Amino acid sequence: MASVTDLETLLRPPAMEMPPYPPKTITLASGEQMVVRQAGREEMPILLEAIYPLLLVERDYYDIVAARLYAELLAYKRYRVKDEYVLVGLIDGVLAGLVNGRLVDAKVGMSYHTLTIRRGLRVGSHLFAAKMEYHVETCGQEEVLIVAESPIGFRRWMIEYPLDKKYEVQHELGGVPSWVLTRKTYFDAKPRLVAGRRPISAELLAGAQTIRLPGEETVRRQVMGEKGGRA
Amino acid sequence: MRPVYIVGAGMTRFGRSEVPLVDLAAMAALPALRHANLGKIPVDAVIVANMGAGRVNRQVAVASALVDRLSLWPVAAESVENGPASGASAVKVGYQAIASGMADVVLVTGVEMMRAVDGLEVTDFVASMSQPEAEYIYGVTLPSLAGMFARLYMDRYGVERKHLALVAIKNHDNAMKNPYAHIHQPITMEGILTAPEAIVNNPPVAEPLHMFDCCPVSDGSAAVVLASEDVATKLGAPRVAVAGIGQATDTHAVHERQDPTDLKAVRLASAAAFERAGLKPSDIDVTELHDAFTILEIAESEAAGFFKVGQAHKAVERGETKLTGKLPINPSGGLKAKGHPVGATGVAQLVELTWQLRGEASGRQIAKAKTAFACNFGGFGNNVVATVLRKEER
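Same order as they appear, the protein sequences are chains A and B. Going letter by letter, the first sequence gives residues 0 to 230 in numbering that gives the first Met the number 0. Going letter by letter, the second sequence gives residues 0 to 393 in numbering that gives the first Met the number 0.
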């Protein structure tokens, strides 16, 4: 008879070797520095806590993005999704937004979600770009499959990059068929959409080691459309 | 003509409305009426400024609806649509009603709910005020007109993107002190212009204008209560006189103007308002200009007579238009940061200036302000209403 440990092994997807995302810092329009770094599995509980208040916010499809992202982060925490990664944007250590995705195989990436908490500073745009940077530059992938669940996302990804249709492939999020970012699209768009500086100072990095959350009320206020508003 | 006073002012916070259009209008009208403290003095007429509810919100005859919402029957009611100058036009209609003796108290409310539709549709809605055969059908939008205007202005007068950025930074700073402003987000020169990341933070919209050169799309409402001298005297409140109103028009298509950088309608409307008020630009203590795009604050401040043509950007550089400068421009944050619900904007400018003249503008108060000027810029400068206010000591 198989042991509990053996069973768990069967339930966990086999993991692929994934290179770490090298942290960077971005000067925002406000002059603040946003550190973008990878979040480890052990940091999922605080990210789940950050997302929870957004599950019932209908505006700009935050509810569906939050609900799906919650499930994806939980699955990552509990080893039920293959080769997922999470990147966070932190301003003075406070969570400004997060993105996630996974590697389908060595060549193909699957973009999951982008969620912005601090709105009005193109935080989501910066973080999505960091996600593409991870797939294409850090992991050396050929393409990333992408869908949008909100008009804002469609404008930011499909139109701004612009992405190509790859309708013959069904995206893992279901719904509409996939769009794709190729290496060429990425490098063409990089000068106007991908920003950030490396290496980042030890001081900045130290300030971004622990994720702090804006208060629940601040999160709701910021995502409900208020432009700015410091946590 | 009889003198006319603003005896009450109120507005909603600009941004994104959670309530229907007429409720939003009422949310500005009620504080304005409370501010006026009319007691048993009746309101004779309600005028509503609105540009796009028929298209954007599927609602017309908004003034009649507001009267009903406020239970003010059987007062007279009418709506005024004059593009982005609807607000000041509506105040002008109210002013005329009182000045002529037809009314003693008029409630003027501007309201717009532009965020009811997505960004593409709202851009198209605003573009529909452009010349249909010569501009609109070729895809001209207001940002594109402003971009072409900015390019010409910069070439001719040496204005640089840093000057436009200074206007944006100033107005965002001012808005931080205004609880009614849409955007509470300070910005920096580094973040929007000089840092390598600025190209992502502040992408081009219509070169040379970038995102932070453009006003946001806002919902909001603002209201003023106008009254005759008799009523103003009875109320005993601080007296803010509508000292002069001027209005002028220009060619619909911008390219038909002899000099597209000459904002002739601003120049003529401002001159008329100053003449009626018996004041000159140098007498003015505080201004609200129609900075839907940063370049317009610079160009309007020259056309209105506050600076010589081609000199305003240098005044901006010297800090003269900051809250603490010689001529504070847009202490509210302007359209740039306070927001621009088109039909409400002209009224909101006068709300801010009324508060300034009454000493009620809290953290952004201009010390000892006694005179004020507003420019409400319709179309792309083809219909402009200028207003001069004066505080009268009792």
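Hints may contain errors.
Below, simulated DSBU-like cross-link-like pairs (lysine-lysine); rule was C-alpha separation at most 30 Å, straight line [what the hints assert, rightly or not]: (1) B:Lys-367 / B:Lys-321; (2) A:Lys-106 / A:Lys-164; (3) B:Lys-176 / B:Lys-39; (4) B:Lys-161 / A:Lys-189; (5) B:Lys-161 / A:Lys-23; (6) B:Lys-279 / B:Lys-307.
Keep in mind that the hints were calculated from the coordinates and are not lab data. Predicted model, so just to flag it, every value in this text is computed and none were measured.
Results of checking the hints against the structure:
1. B:Lys-367 / B:Lys-321: Since the Cα atoms of Lys-367 (chain B) and Lys-321 (chain B) sit roughly 16 Å apart, the hinted pair holds (cutoff 30 Å).
2. A:Lys-106 / A:Lys-164: Since the Cα atoms of Lys-106 (chain A) and Lys-164 (chain A) sit roughly 18 Å apart, the hinted pair holds (cutoff 30 Å).
3. B:Lys-176 / B:Lys-39: violated, 35 Å
4. B:Lys-161 / A:Lys-189: holds, 25 Å
5. B:Lys-161 / A:Lys-23: Distance ~27 Å between Lys-161 (chain B) and Lys-23 (chain A) Cα, so the pair holds.
6. B:Lys-279 / B:Lys-307: Holds, because 14 Å separates the two Cα atoms, which is no more than 30 Å.
Checked against the numbered hints given earlier, this structure breaks only hint 3.
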